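Student: Residues per chain are reported as follows:
2 protein chains.
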Amino acid sequence: MSSILVVGSLGYDTITTPLGRREGILGGSANYFSLASSLFSPVRIVGVVGEDYRAEDLALLEARTIDTKGLQRVPGKTFFWEGRYEGDMNEAITVETQLNVFEKFKPSLPEDYKSSEFVFLANIDPELQMDVLSQLSSRVFVGADTMNFWIGSKREELEKLISKVDILLINEGECSQLTKSVNTVQAVKTLTEMGVSAVVVKRGEYGFMLYSEGQFFMLPAYPVAEVIDPTGAGDTFAGGFFGYLSSLGVKPTFENLKEACVYGCLLASYTVQDFGVAGVARVTKPELSSRLTSYSKMVSGLPKV
Amino acid sequence: MSSILVVGSLGYDTITTPLGRREGILGGSANYFSLASSLFSPVRIVGVVGEDYRAEDLALLEARTIDTKGLQRVPGKTFFWEGRYEGDMNEAITVETQLNVFEKFKPSLPEDYKSSEFVFLANIDPELQMDVLSQLSSRVFVGADTMNFWIGSKREELEKLISKVDILLINEGECSQLTKSVNTVQAVKTLTEMGVSAVVVKRGEYGFMLYSEGQFFMLPAYPVAEVIDPTGAGDTFAGGFFGYLSSLGVKPTFENLKEACVYGCLLASYTVQDFGVAGVARVTKPELSSRLTSYSKMVSGLPKV
Chain A
2 MSSILVVGSL GYDTITTPLG RREGILGGSA NYFSLASSLF SPVRIVGVVG
52 EDYRAEDLAL LEARTIDTKG LQRVPGKTFF WEGRYEGDMN EAITVETQLN
102 VFEKFKPSLP EDYKSSEFVF LANIDPELQM DVLSQLSSRV FVGADTMNFW
152 IGSKREELEK LISKVDILLI NEGECSQLTK SVNTVQAVKT LTEMGVSAVV
202 VKRGEYGFML YSEGQFFMLP AYPVAEVIDP TGAGDTFAGG FFGYLSSLGV
252 KPTFENLKEA CVYGCLLASY TVQDFGVAGV ARVTKPELSS RLTSYSKMVS
302 GLPKV
Chain B
2 MSSILVVGSL GYDTITTPLG RREGILGGSA NYFSLASSLF SPVRIVGVVG
52 EDYRAEDLAL LEARTIDTKG LQRVPGKTFF WEGRYEGDMN EAITVETQLN
102 VFEKFKPSLP EDYKSSEFVF LANIDPELQM DVLSQLSSRV FVGADTMNFW
152 IGSKREELEK LISKVDILLI NEGECSQLTK SVNTVQAVKT LTEMGVSAVV
202 VKRGEYGFML YSEGQFFMLP AYPVAEVIDP TGAGDTFAGG FFGYLSSLGV
252 KPTFENLKEA CVYGCLLASY TVQDFGVAGV ARVTKPELSS RLTSYSKMVS
302 GLPKV
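Heads up: the protein sequence lines correspond to chains A and B, in order. Throughout the first sequence, residue numbering follows my numbering, covering 2 to 306 in sequence. Throughout the second sequence, residue numbering follows my numbering, covering 2 to 306 in sequence.
Hints are supplied without guarantee of correctness; some may be wrong.
For identical chains, the list gives no copy identity; a pair is met inside one copy or between any two copies.
Said to hold, decoys possible - In the DSS-like style, the derived pairs of lysine-lysine whose C-alpha atoms are separated by at most 25 Å in a straight line are:
(1) K286 / K305
(2) K78 / K115
(3) K298 / K190
(4) K252 / K305
It is worth saying that the hints were derived from the structure and are not from the lab. Predicted model only: the values in this text are computed from it and were never measured.
Pulled out of the complex, with its shape left as it was, chain A reads as follows:
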């Protein structure tokens, strides 16, 4: 079992969905990711919070033995995002973003983090993602996420990053924007031509598509009749994905990536069933196993070949 390092945001979110509204709840990619991945492996977290960051929110991570030594606490307010969902729940509408302390964030890895073997670079400035890469001394498997803002404003830096990571985990909109292709099957092939060896496209209720070395693996999401808040589902997916892989502790095979996608997908289904991190924070290993059993039945039973 290896340690996972995640570099990303910690923040407070105000979220409105057709099923309710929550103000100033815990959010940020690094929180979703580490709550999910810590079910499998020890996690180290690098990010920045302001003076208003609540002790209970730090305690939530520490109770999961997530290593928060790499967390910078600086003067000012914590990153804040307000978003709302309408209709089909697959896309958030940003109402407001306050970068706050995140604006000047420069990730600096504590000495013992530098030998982390499994690393997830959540959605931050691709130049910072690249800077983290350069601090690593014994990487085995590194993944990155990004967002429309960076694809639009820092494409060159992003393309450089893509060619240096082992896997890209992005959603369909980002995939299409990055490759200029609306066909996801074509887009993942294009991405591998851009130098990344594997891609996971996160498709919301439609699940995911994994592509690597000319091979596909795709499954739909676990069926959830009441999607309360989709925020963080993608980061939860990445957390389950990396958590499982680092629990194996070796350079993943394609079969390992497939299994990791399923864990990511299932963990994301808990996130969408409650506001903020509440859903993923509640999941236990036995609960996850039970959902895996029920999911397996829903996606197997093909005709014999």
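With the hints as your guide, set chain B onto chain A.
Tutor: Quick look at chain B alone, frame taken from chain A:
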């Protein structure tokens, strides 16, 4: 092996997609359906064509030993539809519909068709679908499709029909319109509460969701990098689905429905790879088996439970 009866449209389509344009090519739900289902079982077709219906288009069905005795040929022009696709290819934009001879179509089953055991009521007026139902003497398994126009204009008749068929095969937009729910998981539950015992929701590139007796089965579509023309994919799905079920010849179990969905889904992937019926018309059983083998690998490999 039982015979399948399909009642639906035969027509000519003009289709524009980002990859080209074809004028006056063969289309209509009954054509897509019967070309797909005849790979598995004998098919009987009921519909109407005008004087302009080309001999070669009839010959295409007869070469597959599709029984065309139930086809009415009447004075006037054949049904015509013009549509185009933009962007994500999941939804057609109707440019023009000319009902022509289809306007006064009243399905009348030849005597020996009345004992058909497997029946698919393609998208036509729900009153006509109900009328066909009343002509059947030994039905084993009956499915129906519909469209936004009938949901909007004949909801009452449609709801009555739904409660009398064994399975509904509709697309996501129709599912949402019919149940007033944007959540497909919730929507299929609502549909079974409306009296249908099983539902297949066709999701385009995202595959399908089958729901019956509290059980789900869902898989994504076979990955196609170049979708040339999605017209008829849903009817091709239904054709593969019914073709497989009628080849079993017995009242289907949930496991049978699952297998039938996979055949439907795979056959639809051929349809989208060419304009009109050209893709599905070319498929052979060995070719289909080979695609099933490759598809099976793409959707299996979950963690052991």
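Student: All the hints need checking, so say for each whether the structure fits it.
Tutor: Hint-by-hint comparison with the structure:
1. In this homomeric assembly, K286 and K305 come within 25 Å of each other (Cα to Cα) only across copies, at 14 Å, whereas the closest approach inside a single copy is 32 Å.
2. Taking the shortest Cα distances, K78 and K115 never come within 25 Å of each other, neither inside one copy (28 Å) nor across copies (74 Å).
3. Proximity of K298 and K190 under a CA criterion of 25 Å is satisfied inter-copy only: 18 Å between copies versus 30 Å inside one chain copy.
4. With identical chains, the CA atoms of K252 and K305 are at most 25 Å apart between copies only, with a shortest distance of 20 Å across copies and 32 Å within one.
Checked against the numbered hints listed earlier, the structure breaks hint 2 alone; every other hint is satisfied.
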